[in-house]
Structure formats: C-alpha cells, structure tokens
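Chemist: Chain residues, written in single-letter form:
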Amino acid sequence: MLVRDVMKGPVLTVGPEVTLEDAYGLLLEKGIRHLPVVAEGRLVGIITDRDIRLATSHLNPKGPCPGCTRVEEVMTREVVTAHPLDPVEEAARVMRERKIGCLPVLEDGALVGIVTGIDLLDALLRLTGVTEPSGRLEVRLPDRVGELARLTGFLAGRGVNIHSLLSYPEEGEFVRAVVRVNTLETHPLAEALRREGFDVLWPPKKPW
Amino acid sequence: MVIYREEYRLYNFGPDHPFSPVRLEMLTSLLQALGVWRAPLSPPEASREEVLWVHSERLVRRVEAASRGELSPDLEHYGLGTGDTPVFPGMDRAARVLVGGTLEGARRILAGERRVLQLGGGLHHAQYDRASGFCVYNDLSVAIRHMTRAGLRVAYVDIDVHHGDGVQWIHYEEGEVLTLSLHESGRYLFPGTGHVYEIGRGAGLGKKLNLPLEPFTEDESYLEVFQALVPWALKAFRPDVLVVQAGADAHYLDPLADLLLTTRAYERLFRLLLEYAEAYAGGRVLFTLGGGYSLDAAVRVWALLYHVFHGLPLPERLPEGWLSTWEARLGKPLTPTLHDPEGAYPEIPRREEIAKRNRLTLQRLTELVAPHLLH
Chain A
1289 MLVRDVMKGP VLTVGPEVTL EDAYGLLLEK GIRHLPVVAE GRLVGIITDR
1339 DIRLATSHLN PKGPCPGCTR VEEVMTREVV TAHPLDPVEE AARVMRERKI
1389 GCLPVLEDGA LVGIVTGIDL LDALLRLTGV TEPSGRLEVR LPDRVGELAR
1439 LTGFLAGRGV NIHSLLSYPE EGEFVRAVVR VNTLETHPLA EALRREGFDV
1489 LWPPKKPW
Chain B
504 MVIYREEYRL YNFGPDHPFS PVRLEMLTSL LQALGVWRAP LSPPEASREE
554 VLWVHSERLV RRVEAASRGE LSPDLEHYGL GTGDTPVFPG MDRAARVLVG
604 GTLEGARRIL AGERRVLQLG GGLHHAQYDR ASGFCVYNDL SVAIRHMTRA
654 GLRVAYVDID VHHGDGVQWI HYEEGEVLTL SLHESGRYLF PGTGHVYEIG
704 RGAGLGKKLN LPLEPFTEDE SYLEVFQALV PWALKAFRPD VLVVQAGADA
754 HYLDPLADLL LTTRAYERLF RLLLEYAEAY AGGRVLFTLG GGYSLDAAVR
804 VWALLYHVFH GLPLPERLPE GWLSTWEARL GKPLTPTLHD PEGAYPEIPR
854 REEIAKRNRL TLQRLTELVA PHLLH
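Chains as they are written, first to last, in the working numbering: chain A, 1289 to 1496; chain B, 504 to 878.
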C-alpha cells in the first residue's frame, strides 16, 4: 500500500499573507487540522490549528505572539513531506518519529495530496481486512523459511479464502500471524491446524 | 401458529456442511415422537419480486444462474461458491422457500395472528448485494420490510451467537426498525462486525444496538445483560411486533463458537421474549430459527422453543425410540434429556472478570444510544 493509495487530494492551502483569523475559520469550517502554505505554486510552510491557538493564547507559556496576525509569522517553514510512491509504513514511521500529524505529498515539486494520521488509521483498517465479513485466526509460527507458506497452503487446501494476513515478529524467534478468513468455521479450522502441529493462539481449544 | 414445510430441507449445502437440514428432520421427528406436533401451516415460496425488496438484482441473477449450474467468474465477489456458502442445484428456489416461510409469518401477523413460529430461516448474514455465512437470501429482512411497508414498527432481536450483520446493514438507516443483536464479540468470531459503535445512520441512528459479549460468557452473565438491555430498548422504541432470530449456536456444545449457554438459559430467554412481546409489542412476535451446529444441542434448544411457545409442559427425558433411531443414524450418543445435565462442562476460571467486562460493554452501549433512543 502506497501513500498515493491513502492520501487525500486536492489539498486545501492558504497563502502566507492570510490572517490567522481567516486560516482558523477555514480549518473550523472544513473540519481539518492542517493547512499547507503555498506561495507562487511552491510549498513554503505548514500551519495547524494548534499553531494558531498557541500563537494567540494567553495560556502559551511564552505569552501570545506579539503582533502575530499572519500565517507566515507562525507557520512551520521546514516541512517534512512524502512522495506518492512512498510505502504507507514509511509515512507512518516518519510521522511517528518526528511526532507530526500529517505529511504534504509532493511530486516534482508540486503539492498533489496530504496524508494524515487518520488516513493511516484507515490504511490499518484496510490492511487488517476487518471490513469484510470474516473470522480471525491467530497463529504463532517459528521465524524461519516456509512456515507462512505452510499455513497459507493449509488454508488453501481447505478452500478457505484469506481476506488479510498480518504478521509481526515476536520475541524468541517466533512470528505472530493474524489471518482474517472468509469462514464461520474458524473453530474446526483451528482444530485442524492444531492437528497439523500449528500453535493456534485463537480461537482457543475448548476444554471438553 | 407454526409455519413449516418439508421443502425447507432442500436448502442443503452438502453432507459435510454444518448448516444441515438434518436438524429440521431431527427436530420435527422429535416433536412427533413427543406427541406435541400439530400440523403446521405450509407457506408458499417467496417470489423473485419479494426477494428483490431487500436484495440487488445482480445478486439474484447470480444465484439463479448458479442454481442452473452456470457459474459466473465473479461469484465469489457476491459471497457465493465459497467454502461457507457453496452453490448447489436449485439453490435459488430452496432459499426462496425459506424466505416464503418467514414472509408468510409476517403476513399472518398483519392479518391479526399474534404468535408465529417459523421452523426454519433466520438467514441473518445475507446482505443487500452479497450472500454470506451460509445465508443466500435474507428471509428476516424480507419479512421485516413487508411489515414496515404496512406501517408497523419492528423490533428485531437476534440471539444467534454470530452478529446479525445482514439484517443490521439492510435496515441501517431505517427509523422504524430497531435491531438488537447479542453475540459473541466479533474481535475474533465471524463476521467481525457488531461493535457497540455501530448504532445506525440517518433516521436509523440509535436504533441499531449491538452487545458484543466475551467468549465464555455463560448463562448468568448473558441473562443479566439481556434482562437489562432488551426491555429497556423495547420500552423506548415502542414496537408493534418483535421478530426474533433464535439461533441455537450460543450453546456450549456448539462447534463454531464459545458463548457457553445451556438449555436452562435458552428456556429463560424464550419465556422472557414472550413476556416482552406481551409487555411491549401487543403480544405480536415472529420467531425464526438460525444457526446451531451441534445437532444434539440445536434440536433440544428448538424443541424447548416449541414447547415454551405453545405453553406446553416440558418433558424431562426424550423418547427412547427417537433416541435410539438417531443415535444409530448419527453413530454417536445423544443427550437423553431435554435439558443439559448439570455441571456439563468444567468451571471457567475467569467468570467474574468476564461478567464485569460484559457489564461495561452494556453500559457503553446504553450511553451511546440513549440520547437517540429515549426521546
């Protein structure tokens, strides 16, 4: 999944000379939190609702920015951006590490979209496959070649379609696989997997 | 009034499939052996037009083609030809026969009948544009639509262990349909939906209620939250009729789920539902069957429903002849009593914690819907 698959566009922008009041009004009206600042077709900064509130608040430990009335006086100038072909996990990593809430997306210097934390949550939902009617299996696999193939091969052999498959490393040389499958019969499936030697964590084995 | 016809058993995905018509054969033969079987009303099958009240033309076309053995390459996109919902010859008519039974129940209620028990149907996973989870056409929604078109307010109560997603989504924006599903949490179990936050949209806002319960919930906690939620919601909604999907798969013997109810809880649930129908819906109630994949358990649960429905005294033991016939046919022993034996499964160590979480979920749900439901 790439940034271009989850980003939103066209993007609402403001010029640097716009007043803070107008910019804040726009954010409220559109129900958004980030405004890229564009001058002469070029991205020159970004401003958020929080930037504006801080700049104008008496609660700001430094006091309200004296005489700040325009976007260019408050905006962040060094903007972290993404490219449409970046993988979503790359965008997530950058946003997490820099503690920022969005990335404007640039292609050949032009602003073509924006990706926010909300878009990444949507991406997560799609990646987990919860939007399809399905049951969920959780299996612990040894972290070595061919284990996932063994699991998916087994499911294929039973005629079970996989809507999504997430796997992540666990401690102690294991990989946890979370599979959403298009069947009501996750219990019989889990039993069959156990008989094949798989360590199925969910659904649990009934004690009778 | 009981609705049933032999052709319900045409709805058959094959000998190894859990949604087995053998359940109906066992159930009706048990009621006959007990001497309580009264000739049921035989319903007509639903027409294509009636199915189209709640389903898309393109889904119906594909079901019809698959029934004739013509398999279109996009079948799986419509939830057909999968491991759960394979296609079989005559599938369209078999599904319409079940729809016809539930629809006939709705017609009878509109004609003045108060209590109807449809011994089939309950195909609550079928969606507008998609077959799903053993369900081809949604008989419940066709019946509900028939009644709302006649001006009735319908409260749908779903006690199947799986979320009643199809019925919920089909009526998601309708203010005259309350859907209320108690089910094992979709965090793990099919279909994955049925979260407390799914509360309807538009005119339906606050009128779609979901109580996802913890695995290993057991009788006591289930009855506690059921009795707190259902009369509260019905009182606020003021329905004209209850439609109940009485799936039997929340039973502890069920091979597909883990809610762990016993027949004692089911008996209480059926009595409560009849009481609630009297108190909040003018006595009008339409029961259907639903899921239930342990033959032993499902047949006893539905025999209980039949007895409670008719106000009959409950037999303790099941008839010997019936038991021996079916034990021979299935090649395994059956529970010889209508109720489960006491202490049939080991104690669940996390019982208190589970009850607490269920209470919290109930609280969250009522807080979410109260502003919309109580006005």
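Keep in mind that a hint or two might mislead.
What the hints assert, rightly or not - Computed spacing ranges between beta-carbons, pair by pair: (1) R617/B to E1377/A: 38 to 44 Å; (2) A1444/A to S575/B: 44 to 50 Å; (3) E870/B to L1489/A: 46 to 52 Å; (4) G1313/A to E723/B: 54 to 60 Å; (5) K1493/A to S575/B: 46 to 52 Å; (6) A706/B to L1342/A: 22 to 28 Å; (7) G785/B to L1314/A: 36 to 42 Å; (8) K1493/A to E723/B: 19 to 25 Å; (9) E870/B to V1382/A: 22 to 28 Å.
Hints were generated in silico from the structure; no laboratory data involved.
Note that the structure is predicted; figures quoted are calculated from it, not measured.
Virtual Cβ for every residue (Gly too), placed ideally from N, Cα, C.
Chemist: Could you tell me which of the hints above the structure violates, numbers in ascending order?
Modeler: Failing hints, ascending: 1, 2, 3, 5, 6, 7 and 9.
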